[in-house]
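Colleague: In this text, residue positions in the sequence shown follow UniProt numbering: the first is 1, and each later residue adds one.
Calculated directly from the structure, the hints in this document are not laboratory data. Since we're looking at a predicted model, the values are computed, not measured. Any given hint could turn out to be false.
Claimed, not checked - Mimicking DMTMM-like on lysine to aspartate or glutamate, the simulated pairs with C-alpha atoms at most 20 Å apart in a straight line are: (1) Lys56 / Asp67; (2) Lys56 / Glu14; (3) Lys110 / Asp98; (4) Lys45 / Glu90; (5) Lys56 / Glu107; (6) Lys45 / Asp9; (7) Lys45 / Asp62; (8) Lys110 / Asp62; (9) Lys56 / Glu35; (10) Lys45 / Glu78; (11) Lys84 / Asp67; (12) Lys56 / Asp34; (13) Lys118 / Glu107; (14) Lys87 / Asp98; (15) Lys84 / Asp62; (16) Lys120 / Asp62; (17) Lys84 / Glu42; (18) Lys56 / Asp98.
Claimed, not checked - Simulated DEER-style distance windows between Cβ atoms: (19) Gly88 / Asp67: 25 to 31 Å; (20) Val58 / Asn114: 27 to 33 Å; (21) Asn121 / Ala29: 41 to 47 Å; (22) Gln106 / Ile15: 27 to 33 Å; (23) Gln5 / Gln80: 34 to 40 Å.
Virtual Cβ for every residue (Gly too), placed ideally from N, Cα, C.
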Amino acid sequence: ADKFQALLDRRIIEIAPLAYMRGRTLNDAFIILDEAQNTTYEQMKMFLTRLGFGSKVVITGDITQIDLPAHRSSGLVEVQSLFKRIKGIETVYLTQRDVVRHRLVQEIVKAYENHEEKIKNS
Numbered sequence: 001a002d003k004f005q006a007l008l009d010r011r012i013i014e015i016a017p018l019a020y021m022r023g024r025t026l027n028d029a030f031i032i033l034d035e036a037q038n039t040t041y042e043q044m045k046m047f048l049t050r051l052g053f054g055s056k057v058v059i060t061g062d063i064t065q066i067d068l069p070a071h072r073s074s075g076l077v078e079v080q081s082l083f084k085r086i087k088g089i090e091t092v093y094l095t096q097r098d099v100v101r102h103r104l105v106q107e108i109v110k111a112y113e114n115h116e117e118k119i120k121n122s
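Between the sequences and the hints, there should be enough to build the whole structure, so can you do that?
Modeller: Right under this line is the structure:
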């Protein structure tokens, strides 16, 4: 905790809400956008166009946990197909086997997936 605070104080690490990204260019940075399933198309576009020289971006999110209103599409879902053929952009998909929480969480995730598949196929 002390080392983290020192890095924050020296402005080596910055934590910023997505709303404060507009107008910035992030050069020589490693940027993480977490919970991106709840970004809109417009927010995702704004975020991705902040990428500057010498930077890398990691975007995380779970498209099974989207909390947006029904009429809004997830920016994370949109970019999966939009950027499929752009060299330098990769997508990694995780499954219930990648869950590193309580052992029951894998079974819970699997039960939800099975249930949702049944609904989709009925």
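Colleague: Give a verdict on every hint.
Modeller: Outcome of the hint check:
Using a Cα cut-off of 20 Å, the hinted pair Lys56 and Asp67 is violated, with the two alpha carbons roughly 27 Å apart. Using a Cα cut-off of 20 Å, the hinted pair Lys56 and Glu14 holds, with the two alpha carbons roughly 15 Å apart. For the suggested pair Lys110 and Asp98, the alpha carbons sit about 12 Å apart, so the restraint of at most 20 Å is met. Distance hint between Lys45 and Glu90 is fulfilled; the C-alpha atoms sit about 17 Å from each other, no more than 20 Å.
Taking the CA atoms of Lys56 and Glu107, the gap is about 34 Å. The hint is violated against a cut of 20 Å. Between Lys45 and Asp9 the alpha-carbon distance is near 30 Å, which puts this suggested pair outside the 20 Å criterion. Taking the CA atoms of Lys45 and Asp62, the gap is near 18 Å; set against the 20 Å cutoff, the hint holds. A distance of roughly 14 Å separates the Cα atoms of Lys110 and Asp62; the hinted pair therefore holds under the 20 Å criterion.
Taking the CA atoms of Lys56 and Glu35, the gap is about 17 Å. The hint holds against a cut of 20 Å. A C-alpha spacing of about 10 Å is found between Lys45 and Glu78, which places the hinted pair at or below 20 Å, so the restraint holds. Pair hint Lys84 plus Asp67 does not hold up; C-alpha atoms about 24 Å apart against a cutoff of 20 Å. Between Lys56 and Asp34 the CA atoms are separated by roughly 14 Å; this keeps the pair inside 20 Å, and the hint holds.
Simply put, Lys118 and Glu107 have alpha-carbon atoms about 17 Å apart, close enough for the 20 Å limit, and the pair holds. The straight-line distance between the Cα atoms of Lys87 and Asp98 is roughly 26 Å, outside the 20 Å bound, and the hint therefore fails. For a cut-off of 20 Å, the pair hint linking Lys84 to Asp62 stands: about 18 Å separates their Cα positions. Distance check on the hinted pair: Lys120 and Asp62 sit about 19 Å apart at the alpha-carbon level, within 20 Å; holds.
In summary, the hint linking Lys84 to Glu42 is supported, as the alpha carbons are separated by about 18 Å, within the 20 Å threshold. In summary, the hint linking Lys56 to Asp98 is not supported, as the alpha carbons are separated by about 23 Å, beyond the 20 Å threshold. Take Gly88 and Asp67: their Cβ atoms lie about 30 Å apart, and the range 25 to 31 Å holds. The supplied range of 27 to 33 Å is met by Val58 and Asn114, whose beta-carbon atoms lie about 30 Å from each other.
For the pair Asn121 and Ala29, the beta carbons lie near 44 Å from each other, so the given range of 41 to 47 Å is met. The hinted window of 27 to 33 Å between Gln106 and Ile15 holds, with their beta carbons roughly 30 Å apart. The hint said 34 to 40 Å for the Cβ distance between Gln5 and Gln80, and at roughly 36 Å that hint holds.
In terms of the numbered hints stated before, the structure departs from hints 1, 5, 6, 11, 14 and 18, listed from lowest to highest.
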